[in-house]
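Colleague: Listed below are the residues making up each chain.
There are 2 protein chains.
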Amino acid sequence: MSALFDKHRETLDRAVREIRTRGYWSAYPEMPSGRLYGESAKADGETAFKALLNREFPLDQPAEGAPVGRESSPYGFDLAITYPVAPAERLIGAAKTAGAVWAHAPVAVRIGILLEALDRLNRASFLMANAVMNTTGQSFIMAFQAGGPHAQDRGLEAVAYAFEAMEAIPRAVRWEKPQGKNPPLILDKTFRIVPRGVGLVIGCATFPTWNSYAAIFADLATGNSVIVKPHPMAILPLALTVKTLREVIAEEGYDPNTVLLAADDPDQPVTLDYLTSEDVDLVDFTGSAAFGAVVRSHAHGRPVFTEEAGVNPVVITGTDDFRGLTGNIAMSLSLYSGQMCTAPQAIFVPADGIETDAGHKSPDDVAKGIATALDKILGDHDRAMAILGAVQNPATLDRVKTAEKSGRLVRASTPVEGETDARTATPAIVALDAADEAWREECFGPIGFVVTAPDAHEAIRLAAGSVAEKGAITASFYGLDEGLIDAAIDAFGRVGAPLSVNLTGQLLVNQSAAFSDFHVSGLNPAGTATLTDAAFVANRFSVAAVRRPVAA
Amino acid sequence: MSALFDKHRETLDRAVREIRTRGYWSAYPEMPSGRLYGESAKADGETAFKALLNREFPLDQPAEGAPVGRESSPYGFDLAITYPVAPAERLIGAAKTAGAVWAHAPVAVRIGILLEALDRLNRASFLMANAVMNTTGQSFIMAFQAGGPHAQDRGLEAVAYAFEAMEAIPRAVRWEKPQGKNPPLILDKTFRIVPRGVGLVIGCATFPTWNSYAAIFADLATGNSVIVKPHPMAILPLALTVKTLREVIAEEGYDPNTVLLAADDPDQPVTLDYLTSEDVDLVDFTGSAAFGAVVRSHAHGRPVFTEEAGVNPVVITGTDDFRGLTGNIAMSLSLYSGQMCTAPQAIFVPADGIETDAGHKSPDDVAKGIATALDKILGDHDRAMAILGAVQNPATLDRVKTAEKSGRLVRASTPVEGETDARTATPAIVALDAADEAWREECFGPIGFVVTAPDAHEAIRLAAGSVAEKGAITASFYGLDEGLIDAAIDAFGRVGAPLSVNLTGQLLVNQSAAFSDFHVSGLNPAGTATLTDAAFVANRFSVAAVRRPVAA
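So the protein sequences, as listed, match chains A and B.
Residue numbers are given in the numbering used here: position 158 of the first sequence equals residue 158, and the series is strictly consecutive.
Residue numbers are given in the numbering used here: position 204 of the second sequence equals residue 1204, and the series is strictly consecutive.
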């Protein structure tokens, strides 16, 4: 067996149990606490991050030509880190060579290496937090949690599914077919797990680790080699990941080119060089629907797993906690400045208004209530920064300004008062009618549309229709009428949008927990794959069978 | 629960156990015996088949316009059966409507209905044998086995995988996240299986049921509705299947349009009308690589499962049973006149020849040995017909004639002596050099190329290379040197061709047994999917989640 497998066996066994029950579980502590991570961990992480700035990233992989790298922190400074590059065909060749050996590594060896890498990544969570914060613009606490332990949980979850899927294949069997009075026909059969080959994992700029770890770890667990193509503005988190994986793989005697980084600059993108290669055997992508269409059009029978984008709806038909409702929605809109793929966008309210514990509320009352809640939770600079973080892409600011003009502006987006370094924007609230167009298109960033719908049923219909047409990763419903709740459950279920009902407290629709929530359904345009389920891993490998006759 | 589920529960439980162990098992008896199927079953099946000829097939589904149907038996008569048709959008609309209800049928209800349909199809195996025989040209015994019980086994296997995959999803769970000294955060979550929607299953002309049942039953089990698009020359077997499924579905109170037949004529194909529809949500295809490329190019993120074509190689490096070897290969080439997707095509022999129990054999000796074995097993008319059956497509005869001219003709293809009705052809044997081109392309039909390779290792390399380039569904190796066997296992494993070693008796490389053999690996151009494994079912459904907070 494998020493690393034995070392982490308990974690693996627990993870395999948890994917069957999908209750609450996390392998890696989400609190950035010195007690859990070591008293010097926070300072060490910051020091390690600063030591990486303004130099070439130490990644010992095939390189050719001038290194690249233009990452710029949304908190107001350039990282000035460069990364080695090489032509796609060279990296693909190296991945194929390494993969031929990795494919033959026993499953337990591969799994042991991956669990060890996750463990090391976990211990480096403070460094990762700095890297994620200063590429994506997330607040420190979110960068720590989503970029560190929560991403590691998603990686472990994928390892658990992959392990279970491979364990379901018997390795050897005697096939014995009775022949009546004659001796049976007998074959000895062996089944070996064979990976597809070279996996390409294309990362995004907002959650570079959280959205990539499931794919990277699923590919590697099932024996594929992996080329990690980060977003050009969020390379560092995945470079750190690739470096850690390469180190453990090399220590265990395998070719570190089993995992490679394919960095690029924004104005010289290389992704198509990989997508068009016949030697890339499976593709995972997180990003825009526009580029998602390009990725899908290059499938040609390869497995392609995408998370694209969507218009996550909220339908409000009533509540017994209006303050909780407006506060919860305000927080969902604010968290990471609406740059989460799970953040709500269009909030539907019946034209006649809704009944609440605070009296009857018209659509305008609801919009104003959310605006008031926003003002309240974002009033203090430090608290606002901890919730909003910074805006990853300057284009998002322009998009918000345009959106503000698309209807009646209830609350304008503003920078965070007193913030001088970071690129910030509080959520805008815009009131629209159902007949308006603006809410129908994805509008990525801190913007909420409050849409007046003819009635509650029509609100559900409009919301579910927008999911079918444009995709959604979450949906949210408020109401006390169980008939309406059932209608919402059915409507959003059909179009594959996970539904949260009556969230008025700390829990936000944005949150997707590893080992419990299935992230993306594949049933609407928001993506083709779920993080993580059996379908996410089952097609990353196949079986090589050998049959030999045995004399009866 | 469901009465039908309870009725067939034992069969299901056994099937679920068997997919885990993959030893020998069959739910439906393969012997066309009166003792098993009823003494009058054979005569009844023939009578029922004849009653279907020369009229419109009794299928009560949405219809519009003149019925179609040009099936012609390779045994020398026209079936003159017509089938109802309707525009694609109308059938797709009917499938969507029916599917919306089917999706909500409890899993046990769907599974019960499918197991009952399989049971009824099994009891109709003699009728099915006549239908398959007189569309595909298979001999009666093969049409009975492959078209009946073996296809039913593949359907049951798919139901078992689907059931297991759905059972792995908990239906409800309480998620309880500790909050230190504060009360925990609690969510009640439900998970409902949601199908993708409308499945399209495109059948082939040679194994219309065996190659379609896994897809049809996997789609239906996971809650999708299905449009079955048969090959225009092999409609009847799938029309009978659709009819049976519709009957059971209607009896249980569901909309029979959950399963629909989309028949067409060869000169007015309709498949593209379905492939280009955005309302078709997943596609299964069996057929040529050329049309497979069309199917794959229309994926756009939909799951697409294909079985296309390949150049199944045989590598001979030695044997201790030369007579068994030549006899076995001769039988593999002859069975259904080489029209099996699993039949060998190129037989590689080292230039220096091989050592055998019958002395040293040159490549020419091997070719002649196979030719002699062919003459022997095909010498008697009735025995020849039972093995060869008839040739499904007249174009196959032309292809064999062309192939005969591509090298040194060792044995010419001939019609079966004394046969006056059926379109028949015995296998041709053509000797080629490794540098020749003819063996590299798929040559569907009764043809074997004996290819002289520089040496044993080069033979393996050439054979595995041809698999990587053109695809293969089987590979075969003969030799006593365990080092060479290991080299073959590794080489064919890498390219995903299941390998049979030293078959010299009754067992043929062509045979692929449900519940044991994984058919098609998805790792080479012969197809993207395996019949049947977890990957074949896992992506046909997703999960609709609902989260509701619970006060702690």
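Think of the hints as simulated: they come from the structure by calculation, not from any bench.
Treat the numbers as computed from the prediction; the structure is a model and nothing was measured.
The beta carbon of each residue, even a glycine, is placed where N, CA and C say it ideally should be.
Be aware that a few hints might be false.
[Unchecked claim] Partner residues aside, some chain B positions facing chain A, computed with beta carbon under 10 Å: (1) 1122; (2) 1186; (3) 1302; (4) 1414; (5) 1418; (6) 1484; (7) 1485; (8) 1489; (9) 1494; (10) 1502; (11) 1506; (12) 1509; (13) 1530; (14) 1545.
Colleague: Run through the hints listed earlier and report the numbers of any the structure violates, in increasing order.
Modeller: Hints 1, 4, 5 and 6 not satisfied by this model.
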